[in-house]
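**Q** If you want the building blocks of each chain, they are given just below.
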Amino acid sequence: MLNTKISKEDLERISGVNTRKCMKCGKCSATCPNFDAMDYHPHQFIDMVDKGNIAPLLESKAIWTCLSCMACLQRCPRSVEPAKLIEAVRLAVVRQQGENRLAAEDIPELLDEDLPQQAIVSAFRKYKK
Amino acid sequence: MKYSYYPGCTLKTKAKELNNYAIRSAAALGIEMEEVENWQCCGGVYTASTDEIATKLSSVRALAQARDKGQDLLTLCSACHNVIKRTNNEILNNEDFSMKVNNYMGSDMQYHGETKVVHYLEMLRDVVGFDTLKSKVVNPLKNKKIAAYYGCLLLRPGEVMAMDDPENPQIMEDFIKAIGATPVIFAQRNECCGGYQTLNDKSIAQSRSEKVVSSAVKQGADCIITACPLCRYNLEANAVTELPVIYFTELLAQALGVKEVQ
Numbered sequence: 245m246l247n248t249k250i251s252k253e254d255l256e257r258i259s260g261v262n263t264r265k266c267m268k269c270g271k272c273s274a275t276c277p278n279f280d281a282m283d284y285h286p287h288q289f290i291d292m293v294d295k296g297n298i299a300p301l302l303e304s305k306a307i308w309t310c311l312s313c314m315a316c317l318q319r320c321p322r323s324v325e326p327a328k329l330i331e332a333v334r335l336a337v338v339r340q341q342g343e344n345r346l347a348a349e350d351i352p353e354l355l356d357e358d359l360p361q362q363a364i365v366s367a368f369r370k371y372k373k
Numbered sequence: 033m034k035y036s037y038y039p040g041c042t043l044k045t046k047a048k049e050l051n052n053y054a055i056r057s058a059a060a061l062g063i064e065m066e067e068v069e070n071w072q073c074c075g076g077v078y079t080a081s082t083d084e085i086a087t088k089l090s091s092v093r094a095l096a097q098a099r100d101k102g103q104d105l106l107t108l109c110s111a112c113h114n115v116i117k118r119t120n121n122e123i124l125n126n127e128d129f130s131m132k133v134n135n136y137m138g139s140d141m142q143y144h145g146e147t148k149v150v151h152y153l154e155m156l157r158d159v160v161g162f163d164t165l166k167s168k169v170v171n172p173l174k175n176k177k178i179a180a181y182y183g184c185l186l187l188r189p190g191e192v193m194a195m196d197d198p199e200n201p202q203i204m205e206d207f208i209k210a211i212g213a214t215p216v217i218f219a220q221r222n223e224c225c226g227g228y229q230t231l232n233d234k235s236i237a238q239s240r241s242e243k244v245v246s247s248a249v250k251q252g253a254d255c256i257i258t259a260c261p262l263c264r265y266n267l268e269a270n271a272v273t274e275l276p277v278i279y280f281t282e283l284l285a286q287a288l289g290v291k292e293v294q
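Read top to bottom, the protein sequences are chains A and B.
According to our numbering, the stretch in the first sequence is residues 245 to 373, in order.
According to our numbering, the stretch in the second sequence is residues 33 to 294, in order.
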């Protein structure tokens with residue numbers, strides 16, 4: 245059972261992000277190369293965490309589909325760094341018992357001959373604790 | 033010049049050619065790459081949180097070993113470079129992180145950010161020099177139009193990676209000119225290929241990779257070069273549009289005339 249009692253303070257501590265620095269220009273979401281696959285967009289993570297509306301983010305698809313490509317982080321004019329906050333929300337989920345997104349047992353059927361090891365270790369870093 | 037060299041997991045397995053051509057080319061340029069002993073996988077991606085310590089220790093061990101030898105740490109894979117350089121930066125700028133890391137490390141391997149992390153491309157630009165490289169080219173790749181794909185990991189976060197302008201880079205284009213070819217600038221050159229999404233939601237990796245490859249094709253590229261095995265995989269396996277994707281070190285070895293040397 246997912247614990248949704250994660251506070252704004254928890255997420256700000258894990259991420260190092262100060263949501264109050266945001267000036268709501270929307271550039272982070274405008275530049276997100278994976279915008280269509282995100283149910284909540286980078287600017288919404290900042291805004292919703294700021295307001296303490298965190299439960300929907302913990303159950304979102306976006307914490308899994310974020311590419312961690314740092315486009316939003318790089319292009320934020322206020323250095324709010326949304327990617328770090330999305331990472332913190334994902335960690336707040338995968339650090340809980342039974343909330344891993346990927347298991348070692350899933351890997352064999354996902355393999356193909358050319359798949360680099362780098363893909364597997366990266367996916368484990370993102371989806372498993 | 034001699035470097036400590038961190039190859040990483042994929043360069044010993046699926047991306048052997050990225051590694052082998054790099055070592056061969058470096059030797060031709062008077063650069064020795066001494067592999068870090070017993071290196072451990074960097075983890076592939078840097079976890080950007082203030083409280084993740086253990087996942088970064090493999091990088092710290094490699095950094096400490098290079099320091100003990102008095103060498104800079106040379107990286108080649110974009111992902112390893114990103115993880116190790118950011119870990120080093122965190123140790124230098126975050127006292128709390130540095131303290132916690134060193135609590136894990138034990139008294140014989142304390143580390144405080146002394147090592148300089150250098151990507152192979154930076155070594156070519158800043159130590160060898162692109163002019164010198166150009167003078168050593170025996171097989172210039174004339175008439176070849178090459179699209180340099182940076183992806184996300186080489187350049188970002190720009191302040192930490194400090195390799196080049198994160199939005200308008202030129203290091204790989206300068207490399208392409210040095211080996212006698214023509215660089216092709218394309219819109220998607222520093223946008224993500226989809227990365228690890230190939231294992232989570234393949235359609236995302238397919239959509240991203242297709243955007244990247246078709247953008248390079250539109251600008252008339254003959255091929256794409258990369259320093260990242262996962263970028264190469266995605267652009268080849270997950271894009272519909274076909275364009276050869278090659279490690280930059282393979283073209284380097286070809287230009288230097290050392291590609292076939294055993």
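Note that these hints are calculated values from the structure, not bench results.
All figures in this text were calculated on a predicted structure; none of them were measured in a lab.
Be aware that one or more of the hints could be misleading.
Said to hold, decoys possible - Coverage of chain B stretches by chain A, computed from C-beta distances (three or more under 8 angstroms per stretch; other residues unrestricted): (1) 132–138; (2) 214–228.
What the hints assert, rightly or not - Simulated restraints on C-beta separations: (3) A:323 - B:83: 56 to 66 angstroms; (4) A:323 - B:140: 18 to 28 angstroms; (5) A:295 - B:140: 41 to 51 angstroms; (6) B:132 - A:295: 25 to 35 angstroms; (7) A:349 - B:172: 45 to 55 angstroms; (8) B:101 - A:353: 41 to 51 angstroms; (9) B:212 - A:303: 48 to 58 angstroms; (10) B:144 - A:343: 30 to 40 angstroms; (11) A:280 - B:212: 39 to 49 angstroms; (12) A:280 - B:146: 39 to 49 angstroms; (13) A:275 - B:66: 34 to 44 angstroms.
Glycine included, C-beta positions come from ideal geometry on N, C-alpha and C.
**Q** Among the hints numbered above, which are violated by the structure, and what are their numbers in rising order?
**A** 1, 3 and 4
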